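2 protein chains.
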Amino acid sequence: MTDIQSALKEYSAWFNSKLEDFFPFPDGQEKRVVEAMRYSVMNGGKRLRPFLVYSCASLFSISREQSLNTAAALEMLHSYSLIHDDLPAMDNDTLRRGLPTCHCQFDEATAILAGDGLLTYAFEILSRPQTADEKSRLELIALLSRDAGAFCGMVAGQMLDLYAENTQEPDKNLLIQRIETMKTGCLIRFACEAGAILGHADNSSRQALVSYARAIGQTFQISDDILDVEGSRELMGKTLQKDQGQGKVTFVSLYGLDKAKAIAQELTDQAKEALSGFGPNAENLRNLADFIISRNH
Amino acid sequence: MTDIQSALKEYSAWFNSKLEDFFPFPDGQEKRVVEAMRYSVMNGGKRLRPFLVYSCASLFSISREQSLNTAAALEMLHSYSLIHDDLPAMDNDTLRRGLPTCHCQFDEATAILAGDGLLTYAFEILSRPQTADEKSRLELIALLSRDAGAFCGMVAGQMLDLYAENTQEPDKNLLIQRIETMKTGCLIRFACEAGAILGHADNSSRQALVSYARAIGQTFQISDDILDVEGSRELMGKTLQKDQGQGKVTFVSLYGLDKAKAIAQELTDQAKEALSGFGPNAENLRNLADFIISRNH
Numbered sequence: 003m004t005d006i007q008s009a010l011k012e013y014s015a016w017f018n019s020k021l022e023d024f025f026p027f028p029d030g031q032e033k034r035v036v037e038a039m040r041y042s043v044m045n046g047g048k049r050l051r052p053f054l055v056y057s058c059a060s061l062f063s064i065s066r067e068q069s070l071n072t073a074a075a076l077e078m079l080h081s082y083s084l085i086h087d088d089l090p091a092m093d094n095d096t097l098r099r100g101l102p103t104c105h106c107q108f109d110e111a112t113a114i115l116a117g118d119g120l121l122t123y124a125f126e127i128l129s130r131p132q133t134a135d136e137k138s139r140l141e142l143i144a145l146l147s148r149d150a151g152a153f154c155g156m157v158a159g160q161m162l163d164l165y166a167e168n169t170q171e172p173d174k175n176l177l178i179q180r181i182e183t184m185k186t187g188c189l190i191r192f193a194c195e196a197g198a199i200l201g202h203a204d205n206s207s208r209q210a211l212v213s214y215a216r217a218i219g220q221t222f223q224i225s226d227d228i229l230d231v232e233g234s235r236e237l238m239g240k241t242l243q244k245d246q247g248q249g250k251v252t253f254v255s256l257y258g259l260d261k262a263k264a265i266a267q268e269l270t271d272q273a274k275e276a277l278s279g280f281g282p283n284a285e286n287l288r289n290l291a292d293f294i295i296s297r298n299h
Numbered sequence: 003m004t005d006i007q008s009a010l011k012e013y014s015a016w017f018n019s020k021l022e023d024f025f026p027f028p029d030g031q032e033k034r035v036v037e038a039m040r041y042s043v044m045n046g047g048k049r050l051r052p053f054l055v056y057s058c059a060s061l062f063s064i065s066r067e068q069s070l071n072t073a074a075a076l077e078m079l080h081s082y083s084l085i086h087d088d089l090p091a092m093d094n095d096t097l098r099r100g101l102p103t104c105h106c107q108f109d110e111a112t113a114i115l116a117g118d119g120l121l122t123y124a125f126e127i128l129s130r131p132q133t134a135d136e137k138s139r140l141e142l143i144a145l146l147s148r149d150a151g152a153f154c155g156m157v158a159g160q161m162l163d164l165y166a167e168n169t170q171e172p173d174k175n176l177l178i179q180r181i182e183t184m185k186t187g188c189l190i191r192f193a194c195e196a197g198a199i200l201g202h203a204d205n206s207s208r209q210a211l212v213s214y215a216r217a218i219g220q221t222f223q224i225s226d227d228i229l230d231v232e233g234s235r236e237l238m239g240k241t242l243q244k245d246q247g248q249g250k251v252t253f254v255s256l257y258g259l260d261k262a263k264a265i266a267q268e269l270t271d272q273a274k275e276a277l278s279g280f281g282p283n284a285e286n287l288r289n290l291a292d293f294i295i296s297r298n299h
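Chain order of the listed sequences is A and B. All letters in the first sequence, in the order written, are residues 3 to 299 by the working numbering. All letters in the second sequence, in the order written, are residues 3 to 299 by the working numbering.
If you're looking for bench data, these hints aren't it; they were derived computationally from the structure. Do not take every clue at face value.
Treat identical chains as interchangeable: a pair holds within one or across any two.
What the hints assert, rightly or not - Simulated crosslink set (DSBU-like; lysine-lysine; CA at most 35 Å straight-line): (1) Lys33 / Lys20; (2) Lys137 / Lys261; (3) Lys20 / Lys261; (4) Lys137 / Lys263; (5) Lys48 / Lys274; (6) Lys137 / Lys174; (7) Lys261 / Lys33; (8) Lys174 / Lys33; (9) Lys20 / Lys137.
Keep in mind it's a predicted model, so treat the numbers as computed, not measured.
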């Protein structure tokens, strides 16, 4: 296990223990929706986005405790997107991280509500006084709502993804870049920019982190596509080659495996280059960029 | 047409014209989700919640322009809840205000995304500088995310409603009160409390508006149940007696028509009593309470 894997694993264990506290046990029969929310959020995952929030914030001497609420809010939002993406009307997935997806474990109505609840909860958490000072909280809420939204954020990316599945439009190159940027890239960019906001970073540091985020976001998507072809079912814990089966456009289907790998490497170099101003403090983030391209699940 | 109907109609026309501006036309193929959002939000409705925001805020000399963003955010959130409630996995409704529901007009995946987009957009709008000062914006976001949420808000109410449909639990009396409070009451309470926040109301004025909201919220739900039995299909523009057909608990099925009407009248009196401290300025809100109990669609 490399240093970054250890760091990620250690952070993830700490984060998971803190995350439990965000789910009180309600008394009434409505607790089913909270159970579904908890089930989905606590079901593993590498906690890459929370780790990014913390790692970027730590460049400005912000502790993991101080960045916890922002990291938790982002993970709630990410989990909501997975629950809704998995629904029968969307990707119709039955397995997520080796366990039944939310609508399979509970039912479709509960899964829709659990997603709605998590999305709403993300903003509730960000609005809490302990998240940050007033100005920073408002900035985080404005940024997350835009990055997750329907105009140029995650919801728009998901819509475009559905469109791309059902079209023979020639310029799939442009399309896939836009889908990736909006669907996956927006939240990864938010993670890094949120770290800069929490740290009251100056504009050039913030822009450097945004550039880093853009590059690793793309690498993340490309390596996901590569894993979908090369990965093992056991390690990924989800239905493999599903994207191919459904005729989805992927970086691999578009460029072929070798070219896709070369692009991913180039982006990883760009990501590390963007961090040059931070010196040795950014070693975690550099290693994370290498980890994303080399991960096997 | 009574004075309050004229005032509501006039406000609603103004509000609708302003609401259009909240929906830019995106260029790409992802615009389908924005079209679905616009379709659902612009499809009529009495704009009762926005009118409540404005009417309560106006007690403190806040103009309708100054309360617009808060009113719009609430209407986005209300519209999202209708879209998701109408989905096949939830109430499976095909008609809403006389037009096809979002998933019938577009498709199920688009409707899920349109709801997600509107929920997210509500918080984006609230975070904008022109909504209010920083402190008030954060208070509005905290309040709306709690009132719309899964712990004791609208999502919890919807979960409980689904549970109530499938249970023979004896204490349906208690259950229906809790469902109503969380599912419908929370957003009506938010509307009134938001007016108080925008107006920087003192605590006793704010509590008076919360009491008013609780009473009209309950009246609203009871009169909906009554209309479901007595109303005409043409005026309501939705499938009638559906709740009864699905075996849902309603105030009418629980208490009978006469008792339900008597309860609604008592609540209306309570609502008006709560406004006593505001004098003649609150005439709009008093008339609105009378309107809610007497409306025929």
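Now for the hints, and whether the structure bears them out:
no. : hint            : result
1   : Lys33 / Lys20   : within (20 Å within a copy, 38 Å between copies)
2   : Lys137 / Lys261 : neither (44 Å within a copy, 51 Å between copies)
3   : Lys20 / Lys261  : neither (41 Å within a copy, 49 Å between copies)
4   : Lys137 / Lys263 : neither (41 Å within a copy, 48 Å between copies)
5   : Lys48 / Lys274  : within (21 Å within a copy, 55 Å between copies)
6   : Lys137 / Lys174 : neither (40 Å within a copy, 45 Å between copies)
7   : Lys261 / Lys33  : between (49 Å within a copy, 31 Å between copies)
8   : Lys174 / Lys33  : between (44 Å within a copy, 17 Å between copies)
9   : Lys20 / Lys137  : both (25 Å within a copy, 28 Å between copies)
The structure fails to meet hints 2, 3, 4 and 6 from the earlier list, while all remaining hints are met.
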